[in-house]
Amino acid sequence: MIALRDVTFSYKKGRRALDRISLKIDKGEHVAVIGPNASGKTTLAMIMNALLVPDSGDCIVDGVNTRDDAVHARKAVGLVFQDPESQVVARHVRDDVAFGPTNLGLPTGEVEERVYGSLGAVGMESLVDREVSGLSGGQKQLLAIAGVLAMRPSYIVMDEPTSLLDGKGKETVDDAIAGLKKYGIGIVRITHDMPEALCADRAVVLDGGRIIADALPEMVFSDRALLDGIGVEPPYAFKLMRALGRDILTGEVSHICR
Amino acid sequence: MPVIATGVSHVYRRGEAGEARARDHIDIVIERGEFARIAGAAGSGKTTLLQSLCGLQRPTEGRVAIDGIEAPKARGAAAMAIQFPERALFADTILEDVAFGPTNMGLPKEEAELCAIESAGAVGLEEELLARKPAELSHGQRRLAALAGVIAVKPRYLFLDEPTAGLDPRMRGRVIRALVELNRAGMAIVVASHDLEHFLGVCGRLIVLERGSIAIDGKPDELVTREDVESLGLALPLSIAAARHLSRRGVNVPWNAGPEELAEHVRRMEHEGARPG
Amino acid sequence: MKAPARVKLALLALLSIAVMTFPALWLLPMAIAVLTFIAVLGASPVRLYRMLLPAMPFIVAISALQVFLQGSGAVIAGHWPISVTAGGFTIAFTSAARITLLYLAGSAVTATTGENELAGAIEGALRPVDRLTGRGVGRDISTMMVLALAFIPMVREEYLSIKMAQEARGVRYTGLIDALKSTYAIVVPLLYSLYRRADDIALAMEARCYGIKR
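Residue numbers (numbering that gives the first Met the number 0), protein chains in the order written: chain A, 0 to 257; chain B, 0 to 276; chain C, 0 to 213.
There could be a bad hint or two in this list.
What the hints assert, rightly or not - When the alpha-carbon atoms are kept at most 25 angstroms apart in a straight line, the in silico SDA-like pairs for lysine to any residue are as follows: (1) C:K180 to B:A64; (2) A:K26 to C:C208; (3) B:K132 to C:L189; (4) C:K162 to B:A64.
Since the hints were derived computationally from the structure, they do not count as laboratory data.
With the hints as constraints, model all of the structure from the sequences given.
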C-alpha cells in the first residue's frame with residue numbers, strides 16, 4: 000500500500016504544491032487523479048515515487064518511509080511521464096527497456112528475461128530490435144510503460160499517459176493499461192480525460208494542492224458544484240448512464256470500460 | 000475568393016524506407032469564414048496538408064492559391080499555428096512576442112504593439128500577462144499567447160495543428176471558445192485534430208484523411224451513416240458510436256444527440272424487444 | 000563483426016592515434032587501414048556516407064581556415080598571417096583527410112555496436128579511474144554518450160518545427176538585422192526546450208533508479 004499522511008510540499012519558489020494530502024492506494028486498485036493544471040498532480044506522482052520527499056508528513060510505500068529509503072519506493076512505484084519523447088534513454092527498444100533492470104544491478108540473463116517479459120505485457124515483443132525513433136507516439140509510451148514494468152513494480156503511477164497521443168495511440172495505451180490489472184499492479188492514473196476516469200475504481204480530485212474528493216467516479220461526476228469548481232464536464236458516457244438510470248453500461252457502450 | 004488547392008500532392012522521404020506519399024492529388028476549397036476540421040489517423044498527412052494550404056510548404060505537385068494569389072507569396076492572408084506553438088515563444092515579454100508577426104510585416108513598433116494587444120484580447124489572454132516573461136506563464140496561458148502571436152497579423156485564414164493537445168479541460172474550452180469567436184468575426188478556421196469529441200459541435204465541415212487522400216468531406220453526420228468509418232482509424236466519440244449502432248438497427252438518431260435523447264431511443268428500443276446488445 | 004565492444008574501441012583508439020599523428024606521407028596506407036576496419040566491422044557504406052554528410056560543412060570550413068592560416072612555400076595571395084600558399088593547400092587537404100577518416104572510423108563503430116554495449120565498454124575502460132576517484136564517473140560518461148546519440152535527432156526535429164513556426168510569422172533572413180533577429184527567435188526557444196528536455200530525461204532516469212549502485 001502507498002500511504003500518504005498529511006503530506007505537504009513546496010517548490011523552491013515558495014508555491015505550495017501539496018497541502019496536507021492524505022491518501023491510500025492499495026495493490027490492484029485503479030485510481031484516477033483529476034484536477035486542473037497546477038493542482039499538484041505531477042508533484043503527487045513524484046512524491047509517490049520518491050523523486051521528491053515531503054517537506055512535512057510522510058509517504059510510506061509498503062511499510063517503508065520514502066524519507067528513510069527512497070530507492071525502495073522507486074523500485075516499488077514505477078512512474079510514467081506525459082511526454083513519450085522525454086523518457087527515451089537509448090536508441091533501441093531493447094536497450095531502453097533494459098535500462099531500469101540494469102540500474103538495479105541485475106545479471107544480464109535476468110535483464111534479458113525481463114525485457115522480453117515486459118514487452119510481452121504491452122504487446123510489443125516483435126519490436127524488440129527496432130529503433131525507438133521509428134516508433135509512433137503510442138508505441139513510445141508503451142515503451143515507457145514496458146521500461147517501468149521491467150523493474151517489477153507493485154504500483155505504477157502514470158502522469159497523463161495519453162494526453163499527447165492521437166486516437167489510435169490512446170486506444171493502444173488504454174488497452175495495455177487495462178491488461179495490467181490482471182498482474183495485480185496498483186495503478187494511479189493522472190488524467191484529463193474524463194471517460195478514462197469513469198473506468199477507474201476510485202477518483203481522487205485535486206485542486207490547489209488539496210484533495211477535494213476521493214470517491215467512486217460516479218459519485219464524483221454527480222457532484223455538479225465540485226465539477227464546476229474545477230472546470231470539468233462529466234463525460235458523455237456518464238450522462239448517458241444517468242439518463243438511462245443505470246449503474247453499469249451495457250451493450251454497445253460497455254466496450255469503453257474493458 | 001477562397002483558398003483553392005488543386006491537384007496537391009506531397010512526397011517526402013521517410014528515413015531509409017524510401018519515399019512516402021503524404022498526400023495523393025488532393026483538391027480542396029476552403030471558403031471564407033468557414034470552420035472546418037481535418038481529422039485522420041496519425042500519419043494520414045494532416046500536418047503536411049495544413050502546411051501546404053497555408054503556404055508554408057511547397058507541395059511536390061499541384062498548386063495552392065489563397066484568394067487568387069499563388070500561395071507562397073500570399074503573405075499574411077493565411078497563418079498557421081504548429082503543434083505546441085508555445086515552444087516557439089522567445090521574446091523578453093509576451094507583448095514583444097505577440098508583436099513579432101506584425102513587426103515582421105513591416106509595421107512600426109507602436110502599431111505592432113496595438114495589434115498585439117488586440118490579438119491578446121481576441122484569444123482571451125489576460126492583459127496583465129502581456130508584460131510578463133513567457134517563462135512566468137502557465138502552460139495553457141503560453142498556448143494562448145502563442146495563438147495570439149499567430150493571429151496578430153490578422154489573417155483571413157487560420158490553420159491550426161492540434162490546438163488543444165495537452166491542455167486541461169478548462170484551457171481546452173478557452174481555446175475552442177476563442178476560435179469560435181474568431182470565426183464569428185469572419186476568420187476562416189481549419190483545425191487538424193484527432194480530438195473529435197471537442198470540435199464536433201463547433202465545426203461545420205469535417206474532412207477525414209486516410210493515408211494521403213480525402214475519405215470524407217462533408218457534414219459530421221456522415222460519420223453516423225457511412226459504412227467505412229471504422230477503418231479510418233478515428234476514435235469516435237461515444238455519441239457518434241452510439242448513434243451509429245442504433246442507426247444500424249434502424250433507429251435514426253442525429254449525430255449530435257444529447258444523452259437524454261439517446262437514452263430515450265435506447266429505452267424505446269429495449270421496450271420494443273430489440274435489446275441494444 | 001561480432002567482436003566485443005572493448006576490442007572495437009581499442010582498435011578505434013589505435014587507428015585514431017595513427018591517423019592524427021602519422022606524417023602526411025602515411026595518408027594512403029592509413030586510409031586503407033580505416034577502410035579495412037570499416038569493412039571488417041561490417042558497417043554499411045551508405046549509412047556511413049549519410050552520417051558523414053552533416054559533418055562535411057564543418058570539415059570544409061576548418062580546412063578552409065587552414066588554407067588561410069597555415070602555410071609553407073611560396074605565397075600565392077594575401078599577406079602573413081592571412082595568406083594563401085601552395086603548402087597551405089596541402090596542409091588543409093591533409094587535415095581534412097585526417098578528420099574525415101577519424102569520423103568514418105568512429106561512425107563505423109557506433110553504427111555497428113549497440114548503445115549499451117558501447118556504454119559498457121567505456122564504463123569498463125574507465126573503471127580504474129572510478130576506483131581511483133571513488134565516484135561512478137565511468138557509468139555517467141557512457142550514459143551521457145548514449146543519451147547524446149538519442150538526443151540529436153530530437154534536436155533537429157525541434158529546430159525544424161521552431162523554424163517553421165517563426166517563418167509562419169513572417170521571419171525573414173534578408174538583411175543583417177533581420178537575420179540576427181531571426182536567429183535569436185529560433186535559437187532561444189530551441190535552447191529553452193532542450194534544457195527542459197534534458198531536465199525531463201534526467202527525472203525519468205532517476206525514476207528508473209539510475210545511479211543507485213554507487
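Hints and how they fare:
no. : hint             : result
1   : C:K180 to B:A64  : violated, 30 angstroms
2   : A:K26 to C:C208  : holds, 21 angstroms
3   : B:K132 to C:L189 : holds, 16 angstroms
4   : C:K162 to B:A64  : holds, 23 angstroms
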